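Number of protein chains: 4
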Amino acid sequence: MAKLKVGMIGGGGPGAFFGMVHNRAISLDASRELVAGALRTNPRASLRAAKDYGIKGYPSYQALLDAVKSGEQELDYVTIVTPNFAHYEPARAFLQAGIPVLCEKPITLTVAEAQDLARIVKRKKVPFVLAHTYTGHPMMMLAKEMIAGGEIGEVRKVDSWYNQGWLATALEKAGQQQASWRTDPKRTGISNCGGDIGTHAFVAATWVTGLAVKKVSARLNTFVKGRVLDDDFNTIGELENGGTALITATQIAVGYRNDNGFRVFGTKGSIEWHQERAESLLVRHGDGRDVTYWTGAEFPLPASVASYLRVPSGHHEDFFPALANLHTTIERQIRKNRGEKGVLDAFPHPGVAEGVAGMKFVQAAVTSSKKKGAWTRV
Amino acid sequence: MAKLKVGMIGGGGPGAFFGMVHNRAISLDASRELVAGALRTNPRASLRAAKDYGIKGYPSYQALLDAVKSGEQELDYVTIVTPNFAHYEPARAFLQAGIPVLCEKPITLTVAEAQDLARIVKRKKVPFVLAHTYTGHPMMMLAKEMIAGGEIGEVRKVDSWYNQGWLATALEKAGQQQASWRTDPKRTGISNCGGDIGTHAFVAATWVTGLAVKKVSARLNTFVKGRVLDDDFNTIGELENGGTALITATQIAVGYRNDNGFRVFGTKGSIEWHQERAESLLVRHGDGRDVTYWTGAEFPLPASVASYLRVPSGHHEDFFPALANLHTTIERQIRKNRGEKGVLDAFPHPGVAEGVAGMKFVQAAVTSSKKKGAWTRV
Amino acid sequence: MAKLKVGMIGGGGPGAFFGMVHNRAISLDASRELVAGALRTNPRASLRAAKDYGIKGYPSYQALLDAVKSGEQELDYVTIVTPNFAHYEPARAFLQAGIPVLCEKPITLTVAEAQDLARIVKRKKVPFVLAHTYTGHPMMMLAKEMIAGGEIGEVRKVDSWYNQGWLATALEKAGQQQASWRTDPKRTGISNCGGDIGTHAFVAATWVTGLAVKKVSARLNTFVKGRVLDDDFNTIGELENGGTALITATQIAVGYRNDNGFRVFGTKGSIEWHQERAESLLVRHGDGRDVTYWTGAEFPLPASVASYLRVPSGHHEDFFPALANLHTTIERQIRKNRGEKGVLDAFPHPGVAEGVAGMKFVQAAVTSSKKKGAWTRV
Amino acid sequence: MAKLKVGMIGGGGPGAFFGMVHNRAISLDASRELVAGALRTNPRASLRAAKDYGIKGYPSYQALLDAVKSGEQELDYVTIVTPNFAHYEPARAFLQAGIPVLCEKPITLTVAEAQDLARIVKRKKVPFVLAHTYTGHPMMMLAKEMIAGGEIGEVRKVDSWYNQGWLATALEKAGQQQASWRTDPKRTGISNCGGDIGTHAFVAATWVTGLAVKKVSARLNTFVKGRVLDDDFNTIGELENGGTALITATQIAVGYRNDNGFRVFGTKGSIEWHQERAESLLVRHGDGRDVTYWTGAEFPLPASVASYLRVPSGHHEDFFPALANLHTTIERQIRKNRGEKGVLDAFPHPGVAEGVAGMKFVQAAVTSSKKKGAWTRV
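Residue numbers (our numbering), protein chains in the order written: chain D, 552 to 929; chain A, 552 to 929; chain C, 552 to 929; chain G, 552 to 929.
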């Protein structure tokens, strides 16, 4: 089985830690390798960064694409790790060339861009995975499987959240790069908190339950002076089955790191998960026995989940393996499409549909907040 | 120091477990004793129930009050543990007679009733404590003290919740008494979930922070068929300082028992508390060190809190001691008013002001929900 | 049903907090009341202390006993809360007079004394309960029931511990009363740490499993200078079925409060309990699903346990209710003996047998430690 | 900075999951790559396995070594992942050739072999790291740094443990490969449980505190019928400073996965760590405030630890990154030795000294157990 050859767009700047994170995720399995990249906007910097990575450098994503088209550069898929505003163009270009894309979230700057990508993916039938890393955690995958399997009956309510504290002060004025682009409307879009981490809570609420949010009432706040976009994001939504979704996020919760999680309440039971204790899943049926499931390859998890595990139980797979699982999913899709034999089924990780839905959700929330909480269709 | 003599209104019916709970809380300290009661509506049943309690029985609260007025029955205060609809009349009657009242929550059926009690309390200067039991937990008291003392800076956001699962099915149709009156508008008022447990989350948000909720956007749901009132209660509120309060409650979270708690996010730190692990309080300042405080008499808690503890650290005081602390508060107020010497300061536990605010909040939430989430003044 | 009248020996000194703890436990249920006491050694102080308690005072336990014998004082049982050295004489005197005794642990100063009490209890058939408070926690009772019922198969190993930090410094030299008598051989016996809290770990290992410890290898340490007795206690024991018991305790674990608990490993499963989270019990069967059981009256606990609960699930009963359960047990034994009808079955809480076994265990451990860890018969 | 080229001995058999684990750890950082290997005993199988890994295969470790010596194969260090009995020979051979070795634990089959390796390492001054993976967890490293820095005063007692349940039944008879060689004296040495996981608990007790165990009293059990070696391992040890070490391990704790951890009690504070929640460290000073430290690159950890982190706080680095940290340590040692510039300091992870100490400890425990717990010098 030949290694898949991966290219990277972005990820090479100082402080752009996600490039290296993806590199680790790509190479965590021996079946993939990062081979080429257009890692920075500045052509010369881009080549230099590639040298640091030990891969073939290109001055721009177009140059990389040209090399692939000309046959000069072998490439099985690209991963896009640029800031939000710079997802759309390279994603579109590679998808149109039929090259699969694993793209960082949120998918694009606008709903229209996201819909455009969705159209291309549909037309070209090319694999596209949206890097909601946490959906790669086996216990989050198990939650989705359980709910689909009826374990907790019909879903009545979802409570999903993401509490962070890193933007409780004006970090962007201190020159911190991650803070700078995330709080800048030009580079991040119409919402900072909602787009960056509200979308994680949104995916938890909708991808895990399989239910869309139909309308939403929202209150967005900007607590830190001088900031233009929201740093606090609160919504109450209506699910397509009439249920309720509380989807909230904040960046001003001092001392909270990545407190992301969800509770799903069904007619027959409840499921709870916390990203910061990603290795376990709590399931209750109201019989006084709370069951905790643990990740790990020894136990009888559904095959759809078990095939994504790398180590025996009791040894947690965490951040890198979760992201690696998304790369595994696009890898499986690619190999399946090629007709390779013995390829395991890919888990239905988020793709363009979830990307479009997330963009619409954030847009509806921004609109509702401006209209003093009026219910707004997503 | 003579024992305070306590009377009880309600609490004597089968399944009315709160009567015995208050009895335990009253007698947990040797300085108080339950001596008399009008424990049921039916006069004969009331006398019989009193006999079971081993106290002097009266056929009605009026009869008890008459006996007190005539000097026939010594009484220092009454505790009212009837269903919601039957709080107002006895509370008013005793307060008007100058007899202190410790009353179960929610304070009354309507805002007007609550305001009437507040006026009497103010005019008569008679002690009144509202039995939000959880506020008697030392760690919840510590949270209030810390925030008042500036430990976390200015409050930006509060997230308080109460998740239960016991009404996930139509328990009221199965003849369960607690479920019957709580889901009956005549006996419980305009809101079931909001009034019964939403008020706990409301008190957590406002009493702990010292901040009022000014306006609110709400979505109330009734998930169980045949039910008239809400069994799910979701609100986003604006605090008087411009901050945001998420105050939510549900009774359909299968397998959740009394998952009540709060997170308060300030400019300098955060505080988190969970009723089901009431003995600890989590404080963060964003420096990578999360501090857990534990209840217990050995440690340097503020004197205002320490004087409410009964056992050394490592031995949890829980439900009964928490409620006992509210009785301790009314006891201290009574003894202070009488000029007894050496009486410790009473902690500012909830009273009529919190009762009125809670009723207004629930009413505003019901209104907002009917108006599709429109922001409504509290 | 008439209230049982309870007398108390000891518990009246300043800092003798356990007297008030027992008073609270006695009066937590309306079926018992503390009525009389010989609360201190000094006769005058004893009478004064009784006045503070609001009960009938006696200058000595003999005077109380005489009053009972003469019919002058009604009394259903006594509770003994003196320091270790002063358990034996009053216990013997009351038992010989046929009066039931609930006695603080450890039962006596020596094995011989404990055996003497056991003989009297057997001959007189008089109820005797040993106040290992933690055995009153419903989840510890559930653990015992589960193991007896075969839930985890045959027991192979028990790991029980008790970590405290309060004696990490020479607190006894600072005049702290609890520390003074516990570190004084005359008042506490041949072992401080082993006798005081090692016996709790011993009871966890043996009472919960129903298995005796046959022999033991021990290492006792005295870490704080100037101290005569052990403040650290480590043993490896052999259970009667050939299994192994790790029974350890320490008082020098800085910052640990009452970290007492056990893990029992059987052929088919494991059970784990922690006193500081007394309300839950963790059961595992090796199938990847860890089950947490929670205390609370709503759930289908065995009747033997459920009849000891006072509040619905989600509201923890903790320290006072646990001790109250031991008073409930002696109350049930007394009422049963008298032929009262409708009395619920008493749970087999620790009594003289466990007291004798505990004393023998501590003695064997002290001997083994002196013999450099040689296996010593218990 | 050129990538270090790594070779692997063993790790290629079916079920030999540690080979792939090391491969992941090696490639987690872009500065190393697995390039060659003698992955199985059978030469043909070895070549085939290498093909699967996508690396240069050799029929035997000698062949690989010859290729390195002849200059045919570039190699910076080897990692040895064979079963216990097959560590010594390749380790010795490569070390004698001056090639650094990262070797799985336990270091060898016998004390003599371990001492021989120690002599060679000393003489040749060649880097050697012993793969006690858990020591690569940043919070375990932080514990070591804190204790060395005096944070908890002088160490009085250590309690370290490792509870597993996977060998609670005769898994080796069911053909499970990991179980087979671990329970076979020829391939695993004189102790199964002690050697395999007791050594982890031993390293936690000694490496973290910096204190040697001087003598030990032990009880080893074999609970599963037909098994020759221990599956349960209990010791009480004396530390070189007079303190006490409880070092225990078991493989029959049904449902326990990798419950490894330690508590260190010092004169001024205590430190507690659990492998299954590896991302946090609990520190107490007896002032009622328990401090939890969390891993993560944003917080002010000591530079010695911070330089081993890869992601921001709130995203856990777990199993793979922990092992990768040991590869980082040998990498830093190698680069330092070569005089490369800007190389960060290597953390003092376990090496030959810890390997020799561990072997002596297990041997002393086996001896003591046979002598009925007699104190035995390590």
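A couple of the hints might just be wrong.
The list cannot tell twin chains apart, which means a pair is met if one copy fits it or any two copies do.
Claimed, not checked - Calculated lysine to any residue pairs in the SDA-like style (CA-CA distance at most 20 angstroms, straight line):
{"no.": "1", "residue 1": "Lys-892", "residue 2": "Tyr-604"}
{"no.": "2", "residue 1": "Lys-556", "residue 2": "Lys-602"}
{"no.": "3", "residue 1": "Lys-620", "residue 2": "Asp-603"}
{"no.": "4", "residue 1": "Lys-887", "residue 2": "Pro-736"}
{"no.": "5", "residue 1": "Lys-620", "residue 2": "Ile-671"}
In short, the hints are calculated from the structure, not lab data.
Keep in mind it's a predicted model, so treat the numbers as computed, not measured.
Exercise for the section: Please write out, lowest number first, the hints stated earlier that are contradicted by the structure. Expected result: Violated: hints 3, 4.
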